[in-house]
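First to last, the protein sequences are chains F and W.
251 is the number that our numbering gives to position 251 of the first sequence; each next residue is one higher, with no gaps.
1263 is the number that our numbering gives to position 263 of the second sequence; each next residue is one higher, with no gaps.
Hints are computed from structural coordinates only; laboratory data are not their basis.
The structure presented is a predicted model; accordingly, all values stated were derived computationally and were not measured.
Heads up, the beta-carbon is just placed ideally off N, CA and C, and yes, glycines get one too.
Don't take each hint at face value.
[Said to hold, decoys possible] Rough simulated footprint, nothing fancy, chain F against chain W, three-plus residues with beta-carbon under 8 Å:
1) 1050-1064
2) 1072-1086
3) 1105-1111
4) 1127-1133
5) 1152-1163
[Stated by the list, open to error] Label-pair ranges, simulated between beta-carbon atoms:
6) W/I1156 <-> F/K58: 17 to 25 Å
7) F/N37 <-> W/A1169: 54 to 62 Å
8) W/Q1230 <-> F/T39: 33 to 41 Å
9) W/D1031 <-> F/W202: 25 to 33 Å
10) F/K58 <-> W/P1157: 55 to 63 Å
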Amino acid sequence: MRSGQWAAWAFLTPVVLYLLVFYAYPLYRNVELSLRNYTVRSFVQGDAPFAGFANYAKVFADATFGPALWHTVVFTLVSLALQFTIGLVLAMFFLKNFRLSATLRGLFLVPWLLPLIVSGSTWSWMLNSDSGVVNAVLAWLGIGPVNWLTSPDWSLWSVIIANIWIGIPFNLVVLYSGLQAIPPAIYEAAALDGANGWQRFWKVTFPLLRPVSAITLLLGLVYTLKVFDIIWIMTKGGPSGSSTTFATWSYRLGFGNLVPSFGPGAAVGNLLIVMALVFGLIYIRAQRRQAPV
Amino acid sequence: MRHLKTAIGLVVTAVMLFPVYWMINVSFTRDQDMRKSPPNWFPVDGTLDGYRAVLDQQLPYLGVSLVVGLGTVALTLLLAAPAAYSLAKLRPRGGGVLSFVLLIAQMIPGIIMAMGFYAIFLSTGVLNTVPGLIVADSTLAVPFAVLILTTFMSGIPEELLQAARTDGAGVLRTFWSIVLPVSRNSIITVSLFAFLWAWSDFIFASTLDQGGDHQPITLGIYHYIGNNNQEWNAIMATAVIASIPATILLVVAQRYVAAGVTAGAVKD
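Modelling step: build the complete structure from the supplied sequences, incorporating the hints.
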């Protein structure tokens, strides 16, 4: 038995070392970055003075903080709600086996598989104010051109639309597999008892799907909070910060300017982790409170 | 009724995939038609100029992405396959905790990893190198790979391993000659995902390789957008080429893709 444990851990050692060096250590360096006053020179020499929570104080006092927090919350919640709803409706639709349903469901995975730079640049061109196809369609419907990416009123909604498009496949696939696990006999029993389609959804499907829904939403929440690529590629968080979230703000502080401010950048990044934890805990508590019903 | 559903399904899918169609359409559009209003809905006066530009300018980027993708696959399998075998079949003490850590590790925002890596890479001199990028990209795939392979290897019948042991095979031999061949399908799935994520990575490339001599295709497209935002046919042609691995993945392994989404539920 002892030699068995020895072999088991011999096989695990590479991955454990890997986790320590390439996950734990970067995370530690990130915390350290946020607690010191780094400049480009001290970054190279590694003798930056300890600054305590000065970087965090700077971030909280920054005029970007409030709007970035609000954009992060709006971006996350709106994306999540619509991805989930659309994904659920599509999953229920595809559950009815019709001709081509498997193929079409497969095609729905495409947006999820495309590199984000591809989706981002494609949406950028589609939403272009003068030559974009979206405004061309709107003009045909008699609606004036919308400055999707260049107006502060619309930029956040533009990146939300693109993000929903990318997130639908994930919700569809997971919810579809959840729906498949519900035994048809329950629906038949409900139908025999005279339940109509609407009642079957709210009294049978919805409660039985709750565990799968919870996982889908929780993972969606964590992944949406950290979305960076699509926003940066489409708007760089602009114009004038109107689509800046914590993720893009952190990137801009650390890498987006000629003079990088690594300390505040790392501080914003760490706030993002705290936010994911807080959201996650609130969510789990809400789930638990509902569970006994 | 069934035909009606198929018709609705086709329409919904067409709407969903319109951006993909539009990318392809624009990639064939001539420069002088690019800002036409209304736009050309079909590539009637199509041109291959965009693709010619890709061949002229983007091949080095594509080559780097290929190398980075394959390197990430190799590194991921090297780390994940033994670990998964151990977690699935050798019952290590503390294995449950490790699985939980792997689950959490997937949720760390990329920007935080990027900043930590930047600090480490700068002091160790691997900033702007291909091996550095491979290591960073592998963090996108390793936790997922361990979890998926563990799930699969748990399903290998115990009798099979018992038989190997009776024939005198040690742990290592059993792993190499029995477990790995039997797990071929899940190893292919994991490899495809690891390749795709490394190929698609933008955040690590743009932070850890922005000054490098060898940059991946995601940065190729990004520079394109930044520099000459007039030649959208060339940009979209590059985007089409950059989508080829995703297309292959879907055609070859649609079953596994859906299984991968559901099992690991990951996407960076």
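Evaluation of the provided hints:
1. For the segment 1050-1064 of chain W, the proposed coverage by chain F is not satisfied: 0 residues have a C-beta within less than 8 Å of a C-beta in that chain, short of the threshold of three.
2. Coverage of the segment 1072-1086 of chain W by chain F holds [criterion: at least 3 residues with CB-CB distance below 8 Å; count 7].
3. Only when three residues or more bring their CB closer than 8 Å to a CB of chain F does the claim for the segment 1105-1111 of chain W stand; here the count is 6, and the claim holds.
4. Coverage of the segment 1127-1133 of chain W by chain F is violated in this model, with 0 residues showing a Cβ closer than 8 Å to a Cβ of that chain against a need of three.
5. Counting residues of the segment 1152-1163 of chain W whose CB lies closer than 8 Å to any CB of chain F gives 0, so the stated coverage by that chain is violated, three being the minimum.
6. For the hinted restraint 17 to 25 Å between W/I1156 and F/K58, the CB-CB distance of approximately 54 Å leaves it violated.
7. Distance hint check: the CB atoms of F/N37 and W/A1169 are about 58 Å apart, consistent with the given range 54 to 62 Å.
8. Take W/Q1230 and F/T39: their Cβ atoms lie about 38 Å apart, and the range 33 to 41 Å holds.
9. Our hint of 25 to 33 Å for W/D1031 and F/W202 is violated, since their Cβ atoms are close to 55 Å apart.
10. For the pair F/K58 and W/P1157, the supplied restraint of 55 to 63 Å holds, since their beta-carbon distance comes to about 59 Å.
Of the numbered hints stated above, those contradicted by the structure are hints 1, 4, 5, 6, 9, listed in ascending order.
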